[in-house]
Amino acid sequence: MKSLSEIETTAKRASRAAGYSWGIAEEVGKSIRLSELFGFPAINHLNQYYLNKKKENFEEIKLINKINKSEGSSYCPIMVGVNFIDQVKNIETFKKCSVENLAYPLLILSFLSRASEIIGKKLLISFDDCKFLLNFNVSISSNILDKEIPKLAKKIEISFLDNKDNFSDQDWKNLYKLAEDTFVEETESLKQGAAGAGLTDND
Amino acid sequence: MNIELRDPNIIMKLSRLGSFHQSRLSFLRSFLSEFKDWQYNRDLFDLDQEGYGTAVYSFKKKDRVYSLICYANKINDDERSDRVIATKWDAAFTLHDGVPLKGDIDRLRNEVPKQEVGRLTYKELTLSRANKSVRVFDHVVESLSNGNQPDLELLEKVGYLYRTTAVYGSGKFGLADRFRIKNREEINGPFRLEMMLVYLVRQFTFDQVNHVARNKNPNSAVKLDPKICRSLGIGNSTGLGMAPFIVNHPTLLNNWILSREIALKKIREIKIVKTQDRDLFKDCVKSSLKNITSWNTESEYQLKKIKLLLKDIKKFTSFLEKEFDFQKDYPFNEIYLWLEKETCEECIEYVVSIMMEPFGDIVQPLVGQMSSEEEKYFNIPTERNVGDLKKILENKYSNILKINFNIDESNQKFWFISKNKEEPRLANRFEENGADLEQPLAIARDIKKLYERLLPLKDNLKINQFLIDNSDLRHVVRRAFIIEKFPYSEIQDNTIGEKLVPIDMLRLKLSFFGALKFDPRSDKWLRICMFQGAPLPNELKDYDEQWVYKTHS
Numbered sequence: 001m002k003s004l005s006e007i008e009t010t011a012k013r014a015s016r017a018a019g020y021s022w023g024i025a026e027e028v029g030k031s032i033r034l035s036e037l038f039g040f041p042a043i044n045h046l047n048q049y050y051l052n053k054k055k056e057n058f059e060e061i062k063l064i065n066k067i068n069k070s071e072g073s074s075y076c077p078i079m080v081g082v083n084f085i086d087q088v089k090n091i092e093t094f095k096k097c098s099v100e101n102l103a104y105p106l107l108i109l110s111f112l113s114r115a116s117e118i119i120g121k122k123l124l125i126s127f128d129d130c131k132f133l134l135n136f137n138v139s140i141s142s143n144i145l146d147k148e149i150p151k152l153a154k155k156i157e158i159s160f161l162d163n164k165d166n167f168s169d170q171d172w173k174n175l176y177k178l179a180e181d182t183f184v185e186e187t188e189s190l191k192q193g194a195a196g197a198g199l200t201d202n203d
Numbered sequence: 204m205n206i207e208l209r210d211p212n213i214i215m216k217l218s219r220l221g222s223f224h225q226s227r228l229s230f231l232r233s234f235l236s237e238f239k240d241w242q243y244n245r246d247l248f249d250l251d252q253e254g255y256g257t258a259v260y261s262f263k264k265k266d267r268v269y270s271l272i273c274y275a276n277k278i279n280d281d282e283r284s285d286r287v288i289a290t291k292w293d294a295a296f297t298l299h300d301g302v303p304l305k306g307d308i309d310r311l312r313n314e315v316p317k318q319e320v321g322r323l324t325y326k327e328l329t330l331s332r333a334n335k336s337v338r339v340f341d342h343v344v345e346s347l348s349n350g351n352q353p354d355l356e357l358l359e360k361v362g363y364l365y366r367t368t369a370v371y372g373s374g375k376f377g378l379a380d381r382f383r384i385k386n387r388e389e390i391n392g393p394f395r396l397e398m399m400l401v402y403l404v405r406q407f408t409f410d411q412v413n414h415v416a417r418n419k420n421p422n423s424a425v426k427l428d429p430k431i432c433r434s435l436g437i438g439n440s441t442g443l444g445m446a447p448f449i450v451n452h453p454t455l456l457n458n459w460i461l462s463r464e465i466a467l468k469k470i471r472e473i474k475i476v477k478t479q480d481r482d483l484f485k486d487c488v489k490s491s492l493k494n495i496t497s498w499n500t501e502s503e504y505q506l507k508k509i510k511l512l513l514k515d516i517k518k519f520t521s522f523l524e525k526e527f528d529f530q531k532d533y534p535f536n537e538i539y540l541w542l543e544k545e546t547c548e549e550c551i552e553y554v555v556s557i558m559m560e561p562f563g564d565i566v567q568p569l570v571g572q573m574s575s576e577e578e579k580y581f582n583i584p585t586e587r588n589v590g591d592l593k594k595i596l597e598n599k600y601s602n603i604l605k606i607n608f609n610i611d612e613s614n615q616k617f618w619f620i621s622k623n624k625e626e627p628r629l630a631n632r633f634e635e636n637g638a639d640l641e642q643p644l645a646i647a648r649d650i651k652k653l654y655e656r657l658l659p660l661k662d663n664l665k666i667n668q669f670l671i672d673n674s675d676l677r678h679v680v681r682r683a684f685i686i687e688k689f690p691y692s693e694i695q696d697n698t699i700g701e702k703l704v705p706i707d708m709l710r711l712k713l714s715f716f717g718a719l720k721f722d723p724r725s726d727k728w729l730r731i732c733m734f735q736g737a738p739l740p741n742e743l744k745d746y747d748e749q750w751v752y753k754t755h756s
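Just so you know, the protein sequences line up as chains A and B, in that order. The numbers in my numbering rise by one with no breaks, and the one at position 129 of the first sequence is 129. The numbers in my numbering rise by one with no breaks, and the one at position 298 of the second sequence is 501.
Here chain A stands alone, though its shape is the one from the complex (with noise of 0.2 Å):
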């Protein structure tokens, strides 16, 4: 089994291989590390992207916007989850953007995925019948287990979620109603005497 350590190393010099510039390749290591450790088979897909690049033309995005449409070829992964991570406090005013024609879409996870830490919402990504929620750069849940992740998306959508529970109020309340049976029901002399403070201390 390859280590992280070595994933990272080999990615990073592949990519400036690949003619990205040191800073770019540095990304691209640490996200294909990251990728790698949550299971998504990155180190294959990077392999396939640029054997790929040598053959054909791909876009660089530059500035994000909330609708990017290619010119054309296909957009080059890479550069639109560098940008992503780059611009996402822009990006993150727009609520939702999508981005058409974007090769390898596998390759941006782990570069959303760290855009997610960095503004600290939850981001849901969907594409073709894919679909991925990023969780702060510590998980990332998803309904592709076992599937082919495809090469290329038409068009990939990526909603920023905002911070709210998970849960009904009513599965809180029974919850809580349950934690609370660790409480011990208070006497009047514990009333007296167990917090500390006395009950004039409104001075």
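Do not take every clue at face value.
[To be verified] Taking lysine-lysine and the BS3-like style, the derived pairs with C-alpha atoms no more than 30 Å apart in a straight line are:
hint	chain 1	residue 1	chain 2	residue 2
1	A	K2	B	K326
2	B	K688	A	K89
3	B	K688	A	K62
4	A	K62	B	K579
5	A	K30	B	K375
6	A	K131	B	K688
7	B	K579	B	K469
8	B	K744	B	K216
9	A	K154	A	K53
10	B	K652	A	K62
11	B	K239	B	K263
12	A	K30	B	K426
13	B	K426	B	K485
14	A	K2	B	K622
15	B	K661	A	K62
16	B	K469	B	K531
[As the list claims (entries may be wrong)] Facing chain A, a subset of chain B residues (Cβ under 8 Å, in silico):
hint	residue
17	Y325
18	S348
19	E586
20	V589
21	P643
22	N667
23	S674
24	H678
25	R681
If you are wondering where the hints come from, they were derived from the structure by calculation, not from laboratory data. Note that the structure is a prediction, hence the values are computed from the model and not measured. Every residue gets a Cβ at the ideal spot worked out from N, C-alpha and C, and that includes glycine.
Position chain B relative to chain A; hints supplied.
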């Protein structure tokens, strides 16, 4: 009294970093201190009469066990090389996490001796190999087998029976990634498991030499005197591989240097020094002289430094004895200021290291701050603006911005990774091919380039906008925001200039390892000795913390 931390513009110069010496902060000393109450054991010693075979040594505490597995192999004299291109070694080692099963030992027997081309697993933590100093090893076997102790003069000259030529960890060749073990309390310090490997290898070399001598002449052989064992360490040959490490790990470098600087600051701020602390300091300075006079090297560069160091240390000793009054307030501050005025960089840093000896209470808490969670500082704060970045560059890289990179002398060298060994190398840009594949280690040049590109831009331009068209400088933008928080994270010198002495970079790192007796064999590689004078594993429960200054007692 508040003493300022020393200026990174002075301390992070290569000539100063290349003058650093081991101290109480050094990793091999903090390793001994951490593992002194662990249970040491030799679990397996299955060598043939000539000393070839397998051995296992361990440290154990509660449920945690670390085991060194040694494979000693027969090699021909013409196969023995310290260079990284070697493919065979006298012995190969791995530190295994836990108690190795027979299956592990068999599996690793096929992999560990192959080193870089073998595959390890997450169950292995570090990997190394070593070659005999044949001259010394054979002499010791001969002497012991005849019932005599070896010639101390020869032993002192070399200082070890074996020298390692590389020690790998942190995920190399399939070894466990650091994240798997970083939360273990006992390894809360850099390179602790690498130090453990080297320390246990040292014991293996003594056991092996005794074993071979006994088998050669069972009736008259004697064991190597433990006092002599103690005076021997493990040699190490180190090439350029170490140099990029300190550039590639800026927050870690900062934490090493910052710990040293905080220790010095706190010691200089002590108003009244206790008699016993004063005496210990003076004693260490005095006894350390033997370490300097027994420092063997043929390197003219190092000989010059040693000569100057010896001259200045003698001057300092005389000052301490004849002129200095330890009764005055803030005596270590006075000493430091005198050193700055009167002695060379090598001497200043030598004494700074010794100043830490009496103050375990200051140094010990700093040891735990010498690691780094580097991932935390990787993201570039792209919401900041060009004005912020310009200010950082002007404040933190002021000397570097003065370097003229329009002349060839400032650009003469380039760092690259060799294709056959995947190791860092340094070459002349104007004489060799390969500069187009240069590694991103020319930080000074790229910082200057960044500054020049920022100058005409408006201060309020956001970094995320700047990066869109300047991705070639992204690596140094990241570094600039790191140095803003970590003042000692950057070498304040040109690492590609004509005057670069790469062994300064190696010495910096090796001093933090705790190496002694730097012996440059060229400007690109050197030999050192580790654990010379250190207590043996069965002496760890109660040992003299200042052993390093008493290697000859």
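Structure-based check of all given hints:
1. The hinted pair formed by K2 (chain A) and K326 (chain B) meets the criterion: a straight-line CA distance of about 13 Å does not exceed 30 Å.
2. Restraint check for K688 (chain B) and K89 (chain A): satisfied, since their Cα atoms lie roughly 22 Å apart, inside the 30 Å limit.
3. Our distance criterion of 30 Å between C-alpha atoms is met by K688 (chain B) and K62 (chain A), whose separation comes to about 29 Å.
4. Our distance criterion of 30 Å between C-alpha atoms is met by K62 (chain A) and K579 (chain B), whose separation comes to about 26 Å.
5. Between K30 (chain A) and K375 (chain B) the alpha-carbon distance is near 16 Å, which keeps this suggested pair within the 30 Å criterion.
6. For a cut-off of 30 Å, the pair hint linking K131 (chain A) to K688 (chain B) is broken: about 38 Å separates their Cα positions.
7. Between K579 (chain B) and K469 (chain B) the CA atoms are separated by roughly 28 Å; this keeps the pair inside 30 Å, and the hint holds.
8. A C-alpha spacing of about 39 Å is found between K744 (chain B) and K216 (chain B), which places the hinted pair above 30 Å, so the restraint is violated.
9. Of the supplied pair hints, the one linking K154 (chain A) and K53 (chain A) holds, its CA atoms being roughly 18 Å apart against a limit of 30 Å.
10. Proposed proximity of K652 (chain B) and K62 (chain A) is supported: the alpha carbons are some 22 Å apart, at most 30 Å.
11. Proposed proximity of K239 (chain B) and K263 (chain B) is supported: the alpha carbons are some 11 Å apart, at most 30 Å.
12. Of the pairs offered as hints, the one joining K30 (chain A) and K426 (chain B) is violated, with about 52 Å between alpha carbons and a cut-off of 30 Å exceeded.
13. Between K426 (chain B) and K485 (chain B) the CA atoms are separated by roughly 36 Å; this puts the pair beyond 30 Å, and the hint is violated.
14. Using a Cα cut-off of 30 Å, the hinted pair K2 (chain A) and K622 (chain B) holds, with the two alpha carbons roughly 20 Å apart.
15. A hinted pair counts as satisfied when its Cα atoms are at most 30 Å apart, and K661 (chain B) with K62 (chain A) qualifies at roughly 20 Å.
16. Taken as a hint, the K469 (chain B) and K531 (chain B) pair is honoured in the structure, with Cα atoms around 17 Å apart against an allowance of 30 Å.
17. The interface hint given for Y325 (chain B) is met, as the beta carbon of that residue sits about 7 Å from the closest beta carbon of chain A, less than 8 Å.
18. Restraint check, S348 (chain B) versus chain A: the minimum CB separation of about 44 Å is more than 8 Å; hint violated.
19. Interface hint at E586 (chain B): satisfied, since its Cβ lies 6 Å from the closest Cβ of chain A, which is below the 8 Å cut-off.
20. For the restraint placing V589 (chain B) at the interface with chain A, the shortest Cβ-Cβ distance is roughly 14 Å, beyond the 8 Å limit, so the hint is violated.
21. Annotation: interface hint on P643 (chain B) holds; nearest CB of chain A at approximately 4 Å, less than 8 Å.
22. Taken as an interface hint, N667 (chain B) checks out: its beta carbon lies about 4 Å from the nearest beta carbon of chain A, inside 8 Å.
23. The criterion of a C-beta within 8 Å of any C-beta in chain A is met by S674 (chain B), whose closest approach is roughly 5 Å, and the hint holds.
24. With 8 Å as the threshold, the beta carbon of H678 (chain B) comes within range of chain A, its nearest partner Cβ sitting at about 4 Å, so the hint holds.
25. Annotation: R681 (chain B) was flagged as interfacial toward chain A, and the flag holds, the nearest CB pair being 7 Å apart, inside 8 Å.
Of the hints listed earlier, those the structure fails to meet are numbers 6, 8, 12, 13, 18 and 20, in rising order.
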